[in-house]
Amino acid sequence: MAIPTTLSALPSPSCLSSKSLQPIHLTCPKTTISLSKSNFTPFSIHRSNPINLASSRKPISFICSSSSIVSTSTTNYEFSDDSQEVELRLFLGDESIQSSKDVIVDIDEKFLTIKTKHDGSFRTAMEISLYEKIKPAETIWLLDDDQLVVNLKKQDPDLKWPDITETWESLTVGVVQLLKGASVYLVGESSEINHKVSRELAVGLGYTPLNTEELLETFTKQTVDSLVIAEGSNAVAEAEGVILESLSSHIRSVVATIGGRHGAAASGDRWRHLYAGFTVWLSQSEAKDEVAAKEEARMNIEGGGGDGQGFCNADVVVKIGGWDSDYSKAVAQAALSALKQLILSDKKLPGKKGLYIRLGCRGDWPNIKPPGWDPSSGTGAV
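Numbering-wise, the sequence shown is residues 0 to 381 according to numbering that gives the first Met the number 0.
For the record, the hints were derived by calculation from the structure and aren't laboratory data. Backbone N, C-alpha and C fix where the C-beta goes; we use that ideal spot for every residue, glycine too. A hint or two may mislead.
[What the hints assert, rightly or not] Think about it this way: if two alpha-carbon atoms lie no more than 30 Å apart in a straight line, the pair counts; the simulated DSSO-like pairs of lysine-lysine are:
# : residue 1 : residue 2
1 : K132      : K346
2 : K346      : K179
3 : K109      : K152
[Said to hold, decoys possible] DEER-style ranges, computed between Cβ atoms:
# : residue 1 : residue 2 : range
4 : K347      : G119      : 31 to 37 Å
5 : G359      : V148      : 51 to 57 Å
6 : G231      : K347      : 20 to 26 Å
Required output: the full structure, derived from the provided sequences and hints.
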């Protein structure tokens, strides 16, 4: 059944400004990027090979950015998903559009632009990044009274599209299905950012929100700062590690970890239980545009993450510029977009996370060793 939807002119989930909601538009080949003071740019860093118990290859990594969503005006449409293809019915509401000559449909595998003729010139009626990839050559469109009907053939017929484009609503519906119950862990330089974004993600996904800083302070009856002064930062990381071990068997949770160098995630040798879920590095950035942010993310990964070298173990990176807590939901949406890209690149990842948990979170991610493998000796039998 077609779903009536209203698409209004919204800022891109990857780009919002705390000063202005009128971003500057920069157009690159086949990509539309909105640039403004605060940039929330998701990158998926794929660190997981298919399960191969005998494999010793290094994990593959790549970086890709989320596309922005652009609509020049309030647009009413209906959308339906029929497994092999999706259908868009765009309400034109203009009697002057009489034939196909009055419409331009420009489509590639990830973007759709529709222009209609008004007073002798063409204007953009809809310009969006599609929810997922389609086969452009098999696109069919026609006029049906006051509607433009566009049929798009999906590249992945098994993937259910919640909507024609990426929105908060479509991502929360789509990603929760892809995760298959796997938990999400947020790491990075700021405990506040981790906490704020985790609350948004938990609400959107219907997951349980958990905060290791709050749990640690409840357990020790001390604040993190006082614990650092009294016993040192290693004590904080060790205590959080115990909490993460307890949480590693939980499903459908969004876990905000302690930010900065005092937390367990900052240390590369304390990731044994973080690998139980999908990890998102919320990384603060001074980059001025998406290209610079991508290069910065690449350097972070190759250089080991700087002071917080453990962060480079994360599954995906979301670069954040000009943090403002009012835009926690925009950062959460960017994280969902990056997680979607990651899991669609390897649909076995959620199952592999489950296997890792069942074998005891032994620290052998992503090259999971056979049952009976002893992490202390490096030996074991199948």
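*Where does the structure disagree with the numbered hints, that is, which hint numbers, in rising order?*
Of the numbered hints given earlier, those the structure breaks are 4 and 6, listed in rising order.
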